[in-house]
Each structure stands twice: as C-alpha cells, then as structure tokens.
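Trainee: Chain by chain, the residues run as shown.
Number of protein chains: 2
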Amino acid sequence: MMNKINRVAIVGGTHGNEFTGAYLIQKFAQFPKLITRPSFETVTLLANPKAFAAGRRYIDQDLNRCFLQQKLQDPTLGSYEELRAKSIQNMLLSNRDKQVDFILDLHSTTSNMGLTIILVNSHPFNLKLAAYLSHVNPLVKIYRCSFSSVVENPFLNSLCELGFAIEVGPIAQGILKADLFQQTEELVHQVLDYLERFNEGKILSTGETLSVYHHLSSIDYPKQEDGSILGMIHPQLQDRDYEPLSPGEPMFLTFEGKTLVYEGKSTVWPIFINEAAYYEKLIAMCLTQKQQINL
Amino acid sequence: MMNKINRVAIVGGTHGNEFTGAYLIQKFAQFPKLITRPSFETVTLLANPKAFAAGRRYIDQDLNRCFLQQKLQDPTLGSYEELRAKSIQNMLLSNRDKQVDFILDLHSTTSNMGLTIILVNSHPFNLKLAAYLSHVNPLVKIYRCSFSSVVENPFLNSLCELGFAIEVGPIAQGILKADLFQQTEELVHQVLDYLERFNEGKILSTGETLSVYHHLSSIDYPKQEDGSILGMIHPQLQDRDYEPLSPGEPMFLTFEGKTLVYEGKSTVWPIFINEAAYYEKLIAMCLTQKQQINL
Numbered sequence: 001m002m003n004k005i006n007r008v009a010i011v012g013g014t015h016g017n018e019f020t021g022a023y024l025i026q027k028f029a030q031f032p033k034l035i036t037r038p039s040f041e042t043v044t045l046l047a048n049p050k051a052f053a054a055g056r057r058y059i060d061q062d063l064n065r066c067f068l069q070q071k072l073q074d075p076t077l078g079s080y081e082e083l084r085a086k087s088i089q090n091m092l093l094s095n096r097d098k099q100v101d102f103i104l105d106l107h108s109t110t111s112n113m114g115l116t117i118i119l120v121n122s123h124p125f126n127l128k129l130a131a132y133l134s135h136v137n138p139l140v141k142i143y144r145c146s147f148s149s150v151v152e153n154p155f156l157n158s159l160c161e162l163g164f165a166i167e168v169g170p171i172a173q174g175i176l177k178a179d180l181f182q183q184t185e186e187l188v189h190q191v192l193d194y195l196e197r198f199n200e201g202k203i204l205s206t207g208e209t210l211s212v213y214h215h216l217s218s219i220d221y222p223k224q225e226d227g228s229i230l231g232m233i234h235p236q237l238q239d240r241d242y243e244p245l246s247p248g249e250p251m252f253l254t255f256e257g258k259t260l261v262y263e264g265k266s267t268v269w270p271i272f273i274n275e276a277a278y279y280e281k282l283i284a285m286c287l288t289q290k291q292q293i294n295l
Numbered sequence: 001m002m003n004k005i006n007r008v009a010i011v012g013g014t015h016g017n018e019f020t021g022a023y024l025i026q027k028f029a030q031f032p033k034l035i036t037r038p039s040f041e042t043v044t045l046l047a048n049p050k051a052f053a054a055g056r057r058y059i060d061q062d063l064n065r066c067f068l069q070q071k072l073q074d075p076t077l078g079s080y081e082e083l084r085a086k087s088i089q090n091m092l093l094s095n096r097d098k099q100v101d102f103i104l105d106l107h108s109t110t111s112n113m114g115l116t117i118i119l120v121n122s123h124p125f126n127l128k129l130a131a132y133l134s135h136v137n138p139l140v141k142i143y144r145c146s147f148s149s150v151v152e153n154p155f156l157n158s159l160c161e162l163g164f165a166i167e168v169g170p171i172a173q174g175i176l177k178a179d180l181f182q183q184t185e186e187l188v189h190q191v192l193d194y195l196e197r198f199n200e201g202k203i204l205s206t207g208e209t210l211s212v213y214h215h216l217s218s219i220d221y222p223k224q225e226d227g228s229i230l231g232m233i234h235p236q237l238q239d240r241d242y243e244p245l246s247p248g249e250p251m252f253l254t255f256e257g258k259t260l261v262y263e264g265k266s267t268v269w270p271i272f273i274n275e276a277a278y279y280e281k282l283i284a285m286c287l288t289q290k291q292q293i294n295l
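Chains A and B are the protein sequences, given in the same order.
Note that full-length UniProt numbering has the first sequence beginning at 1, numbered continuously upward.
Note that full-length UniProt numbering has the second sequence beginning at 1, numbered continuously upward.
Looking at chain A on its own, in the form it has when it is part of the complex (with noise of 0.2 Å):
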C-alpha cells in the first residue's frame, strides 16, 4: 500500500448511452477547479467518445469487458473498444511519472440501484473508503464482484488496485436526471475529499460495520428454446434492488400471466433487478449475499 495518492482518474462514459457519468466528465474537464485537491493531481476520461457521440452503449463490443490482461496484451485484437481499452491502459499507466493511483468509472443503470460502489477486490484501502461512503450517505450500497483475482477482471477499474466503478439509478439510457447528477457529483466529491485527508494522515476510522453484497450468481429470463424470452421481472421484484427475496416468492411473470418463482433453497438480495444492458448478456438480475465485515 503505498501511503500517497498522487494522481486520480475520473472516468465517465465507458458505456456511451450513460448520460449522467459522460456528462459530469465533460463539466469537470470544462470547470477542473472542481476536482482539483491540494496533494494530487486528479484528471477526466471520457472513456468511450465514439459511442458516447452515437448514444450507444458501445460501438463493436463492451468496452469494461475488454480489460482483461490477456486481452491488453494480444496484438491481433482490433476492434474499436479493444484498441480503445489498449489506449486507456496507455493514458492512464503508461508514463511512470503520470501513472494513476485511484480509478473512479461512473456507470448507471436501469435498475434501482441507488448509489451503488462495485467493488473488484477486497483492498483494505478500497473497504475503508466505501465504508465511510456508506456512513456517510444512506443511498450508498457496496457491491463486491465475483472475480478471484486481477487476472480474470475484464473491468476497466481492473487497471488499478485503488478505486471502483460507481453505479447509479434508476434512470434510463440516453438521458440525464438532474436529481442522480448532483448525487453523483456530491459522491464524487466526497470520494475525492476522503482521497485529500488520507494524504493529510487525517482518516478517521470509522468503527463501522460494513454490509457488503456479495455477487452469487446471475439469473437469467425464462425462455423459449429458440432463446426468445417468454417473461418479464415480476412486479412485485421489479424495483426491489438490494432487498431480501426469499424462496417461493415471485420472480418472473410470463407474457400469459404466469408467475414464477425463486426456486432457491435459502434468501438472496437480487441486485441489477432488469438492467437493459444486461438483456443481451443473459442476466435479468444478479444474486447476492448480504454479509457484515467488521473493519
């Protein structure tokens, strides 16, 4: 661990239909004295231009999925999000002197997530910040993925040991909400006012246990055999991120009015409940544990 931040990205725009990062981004690129913090140096990204100009989520394939080392490191691949997460890796690591300590990627979704922080690892340094986070803003929930190691994380936040990607919504793709913004922004600020008194030898512990939502599983639509879905989240989950569904209670209603339901032997808290992103992917949610860290 090293005992200073030096230089901080804030990434927006990784997926170019997710307003409300791409244009934070641009208001901090356009008014920096915002980001700017006595000891470290903070700087913006627009991750994905292209497709941000297209209102598309990507323009050949997703570009946090495209950060996997292996991937960074084959010569043949070429797509355009491919060469882009390779000119990510060169912008933001390359120089020795310019390499980036702490990585901020600001995504949202359709599902009601509120202020979610996702976190790719468990670094101790990562934990204590979204701790505070979550003391400090009752809308913020902690999400830890499924990737053992470094080595399988195909996120763009995978560039770095410090930081994580903030998921916020509910809010549809290719539009901004004012009221998400200025939460994201005061997030952010938050986030970088925390970075500030770490490099002061200012951070208090908290004392706080952390709840944290472990990824179990993901759940896809019911289908047909041709792969067409035949349902949609049930009412009474859709909206319900981050709470307790049990067994037998409701999941899915079919298109002729079937209910289905969670056929698990014991209690989850979905998460990523009917992301639009995630139709294509097979995921009409994400399962997870509910656990208590003791910091």
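Hints may be right or wrong, so weigh each one.
Chain copies aren't distinguished; within one or between two, either way the pair holds.
[What the hints assert, rightly or not] Derived pair list, reagent style DSS-like, types lysine-lysine, alpha-carbon separation capped at 30 Å: (1) K27 - K258; (2) K223 - K50; (3) K4 - K223; (4) K223 - K33; (5) K71 - K290.
None of these hints come from the bench; they were simulated from the model.
Let chain A serve as the given structure and place chain B on it in line with the hints.
Mentor: What follows is chain B alone, placed relative to chain A:
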C-alpha cells in the same frame, strides 16, 4: 366514413428498442385468439425487425419519420428504414381485399406519459374512440399532433385515416415492465372491443367532454455555442408531463446549478419531458395547450 371495420393492424417495434409493443406483437402473433374478434380480421406487424434484433431505435434513420407520401413514392430512397416503410405500405395497403382500415401503432417513452393516445388527425371516429378510452381508463391521455394535413405526416399512422399510436411510459429503452405491459395489453383489448361494438352498431355516445392536449411547439435543451447541452430538465419539472407549467416556473437546471425558468406568456402543459430518443431531435419537451372538446 366506412360503415364497417374489416381489417385491423396492430404494429409494434416501429422503434426497435421500445420493447413493450414489440413483445406484445410477438405474444399476439403466438396467441392470435387474443386479438380475434367476430366481425373483423386482426393482423400483427413487427415493423422494424432489424432494429429490434439490434436493440436500437433504428438502423439508418427513424422509421416513424419515413411515411411522408413524397418519400414513399421516391424510388431513389434506399436506406433500410426507407425501404422498410415502402414494404410496410405495401403489406398494409396494396391488396384491395386485404387493405387495413385501422392501425394501432404501439410505442413507449422514457417520459411519464401514462397511456397516451397520439392523434395525427381529428377524424370523428378517432376522437370518439379516444374519448371512450379516456372515459374507461383514467391513465389515458390524448395528445393531438401538429400536422395540419395527411400530406405532411411522416408517421406510420399516416397510412390509414383511422387509428393512432399509443405511447406508454415512463419506461427505459430496451426493457420490459410487467405493469406497463399489462396496461398496454388491456388498452389494446379495449380498442378491439370498441371496434367490434362499432361493427355491431352498438356504440353508445359517451356524451363526454374530452380533454385533448394540442401540440404548440417543442423546446430544446439549453445549449452551448458548439451545440452541446449545458443543462438538464429541472427536478421540479421531471415526470410532470400533462401538468400545467406557468411563466416563471423552473424548466431547466444547468450543470453549474443555475435554474432556467419558462419564459412563455401563458400556461402550457409540457409532455415528452426528457424522452431519450428526442435528445438528437433537439427536443427537451413538447408544449401543449389543454383543450376541452364537446363530441
């Protein structure tokens, strides 16, 4: 005015990422008895299958702006949607024995529009049907577009004097919401049942005064000189479609936090507030005038 409706077309997926209509069409195609009525034939049409498969509004251009008579007759136009528009005209109108008398085109919106009927003309039959639907269902609102003649109407509904589009929301692009799916399906059944009673000569006057929201103008987002937006729908206006907006009331919030107010001279009723697909059309909302019509 004809004495009998012989053939009805229910259209969905005119915009490929508006899933409610597209999946309703698939359900009706799979279970045709649902839309069968004794006195007329009902056909379904997935209008833009290529855009639906891609999960995008359109491939080359907005299909629902390709139905100007002048464009349909121009043999030099050849984008995917221009060709598709000609093909749809051919499917629905070319065979004199199989010509449709009524078109219902199913759309969805990220705006809080409830179940909106979009009238592209003021045909008494359409007005009476709209009055009936708003009478039996309080979620139904009636919006009258600005086109003064069929000739300037580029919508799919311009193919047929009778019928209208249904615009349901709020819902993100690329997802299904069970409650809105069911409400839309119920509205389709109410339309078909009304047409059946019309053919049976059993339409009773509702004797109602009808509220119609007449299009006045559209308002763009506040912009910088380079054309990029510099603000969002004001939180106090978000989701307040069909509610009155008076001069001096908040309309936009700039990224810098400044409130911009409505500067018109009289009260208006905004709709299509923050519709995702209208950012590129330079429309932040449409302003309407609420009017009472006696049928």
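Trainee: Just pull the numbers of the violated hints for me, sorted ascending.
Mentor: Numbers 3, 5 - these are the hints that the structure violates, sorted from lowest upward.
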